[in-house]
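So the protein sequences, as listed, match chains A and B.
If you count the first sequence from 1, position 197 lands on 216 in the working numbering, and the numbers rise without skipping.
If you count the second sequence from 1, position 98 lands on 117 in the working numbering, and the numbers rise without skipping.
Among the hints, a few may not be true.
Heads up, the list lumps identical chains together, so a pair's fine if it works in one copy or across two of them.
[As the list claims (entries may be wrong)] The calculated DMTMM-like cross-link candidates involving lysine to aspartate or glutamate, where the alpha carbons are at most 25 Å apart (straight line), are:
hint, residue 1, residue 2
1, Lys-222, Asp-171
2, Lys-214, Asp-110
3, Lys-30, Asp-81
4, Lys-214, Glu-183
5, Lys-30, Asp-78
6, Lys-222, Asp-120
7, Lys-222, Glu-142
8, Lys-222, Asp-98
9, Lys-30, Glu-194
10, Lys-198, Glu-118
11, Lys-117, Glu-143
12, Lys-198, Glu-37
13, Lys-198, Asp-23
14, Lys-222, Asp-101
15, Lys-214, Glu-37
16, Lys-198, Asp-81
17, Lys-30, Glu-75
18, Lys-117, Glu-75
Honestly, the hints are just simulated from the structure, not real lab data.
It should be emphasised that the depicted structure is a prediction, and the values quoted were computed from it without experimental measurement.
Protein chains: 2
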Amino acid sequence: MTMDAASKIRKQFAFLAELDQLKSVIRQSPLINRTRYENSAEHSWHLAIFAIVLSEHADGVDPLAVATLLLVHDIVEIDAGDTPLHDPGRDIGVVNIKERDAARRIFGLLPEPQATHLLSLWEEFEANETPNAQFAKALDRLQPLLLNTLTDGGTWTRNNITQEQVMQRYGPVIEGASKSLWVEAAALIRRHFSKVEGAEEAKTDSVESNV
Amino acid sequence: MTMDAASKIRKQFAFLAELDQLKSVIRQSPLINRTRYENSAEHSWHLAIFAIVLSEHADGVDPLAVATLLLVHDIVEIDAGDTPLHDPGRDIGVVNIKERDAARRIFGLLPEPQATHLLSLWEEFEANETPNAQFAKALDRLQPLLLNTLTDGGTWTRNNITQEQVMQRYGPVIEGASKSLWVEAAALIRRHFSKVEGAEEAKTDSVESNV
Ligand SMILES: [Ca+2]
């Protein structure tokens, strides 16, 4: 082995060890079994499989390219932390600067030209211009949506988010990349909120019958 | 949307929701920050990035194909549990039967031909015959090796595994797929065990000087 290969591998090992920290970045979404909140590493794994399984419902996307974007899209959170979708105090300008610095530092641990290549994948995701990036962003909305509908509302309940807000925050991103996925996702959202309403009416009824 | 597309998406959603359980399958390896043990979902994410970053050190492999094998390789653990490499009581025959049943059930949640396609990826990994599968298996040994050397021996210390046993259990699988990765990995192993020996000699010395 040349010295060059050895020093390359050492840099790659340092990068891969650094990534371990993404397993400790905690998101707002609960696991479906509600034992704890999801971390960004397992979330990224889940999303990569969403890409492999669901890409047939989007036009002009390459399933493995979408999966790759999703595998790297959250790595910047090692430095910048997770920015919850429903956080009213989030300042996207500040977040963007932090994430860009994080991307330079973390992907910069790799040897060239790999550092530049992985940085460009993260930039492709962020720029949201290619069909692959747009579909990756859609899946990044769809996955927590699915978890929320399976955990009595998850982050929606926790943040007092209405059905209208959910439709606004998830709809355009998902529907823009796949109409058929949005039809099914919207049905899950409506079913969730009609259950919530049903439960609230039942509560009101039982209070009234106690009066 | 045709009824057919709708029923396909519902099956795919059911499969993706089922996968959430892999986040609760706990492995023996500690995280590098030692706050807890690793789960199989985040382990699979980590491995997929190992594939993307390290494939240049193996001959005749396709990085994204290797990543895909690694994304699906542990899904069977949802039913069959994790089988630790250093468990002296593990019965590989029994494990194989359990994992095969698990693969049929879980991938069988998907619509065809996707169910058969994903099952075939898991079978390719298990059969360990293609260069992609052999490299995927090598990374599945390399990742815990790296974590162990960064956590004072991790699963080796926990299971009283000697340097010779480590060389035997990791060497052929990694070296068979990539000589240059094995050179660097073996150096990390030797450095770990020489530190352990150094610490034990220091202990013996201080006991002797107390006598
Ligand atoms: Ca494994």
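Original post:
Given a CA cutoff of 25 Å, do Lys-214 and Glu-183 count as a within-copy pair, a between-copy pair, both, or neither?
Top reply: Within. Shortest intra-copy distance 15 Å satisfies the 25 Å Cα cut-off; inter-copy 60 Å does not.
Original post:
Given identical chains, is Lys-198 near Glu-37, meaning Cα to Cα at most 25 Å, within a copy, between copies, both, or neither?
Top reply: between (38 Å within a copy, 24 Å between copies)
**OP:** Evaluate Lys-30 and Asp-78 at a C-alpha cut-off of 25 Å and name the case that applies: within, between, both or neither.
**Re:** For Lys-30 and Asp-78, only the inter-copy Cα distance (20 Å) is at most 25 Å; the intra-copy one is 37 Å.
Subject >> Intra/inter-copy verdict for Lys-117 and Glu-143 if alpha-carbon distance must be at most 25 Å >> reply: Within one copy only: 17 Å inside a chain, 41 Å across chains, cut-off 25 Å.
Subject >> Within, between, both or neither: Lys-222, Asp-171 at alpha-carbon 25 Å >> reply: within (16 Å within a copy, 56 Å between copies)
**OP:** Check Lys-198 against Asp-23 for me: Cα-Cα at most 25 Å, and say if that holds within a copy, between copies, both or neither.
**Re:** between (49 Å within a copy, 15 Å between copies)
**OP:** With 25 Å as the alpha-carbon cut-off, assign the pair Lys-214 and Glu-37 to within, between, both or neither.
**Re:** between (43 Å within a copy, 22 Å between copies)
**OP:** Since the copies are identical, ignore which copy is meant and state whether Lys-222 and Asp-98 lie within 25 Å (CA to CA) inside a copy, between copies, both or neither.
**Re:** Neither way: Lys-222 and Asp-98 sit 45 Å apart in one copy and 39 Å across, limit 25 Å.
**OP:** Since the copies are identical, ignore which copy is meant and state whether Lys-30 and Glu-194 lie within 25 Å (CA to CA) inside a copy, between copies, both or neither.
**Re:** Cα proximity of Lys-30 and Glu-194: across copies only (19 Å, versus 41 Å in one copy).
**OP:** First find the shortest C-alpha distance between Lys-222 and Asp-120 inside one copy, then the shortest across copies, and answer within, between, both or neither for a cut-off of 25 Å.
**Re:** Answer is neither; intra-copy 50 Å and inter-copy 44 Å both fail.
Original post:
Given identical chains, is Lys-214 near Asp-110, meaning Cα to Cα at most 25 Å, within a copy, between copies, both, or neither?
Top reply: Cα proximity of Lys-214 and Asp-110: none, with 33 Å in one copy and 47 Å across.
Original post:
Taking 25 Å as the upper bound on the Cα-Cα distance, should Lys-30 and Glu-75 be classified as within, between, both, or neither?
Top reply: Between copies, since 14 Å is at most 25 Å while 37 Å is not.
Consistency note: the structure conflicts with the earlier hints numbered 2, 6, 7, 8, 10, 14 and 18.
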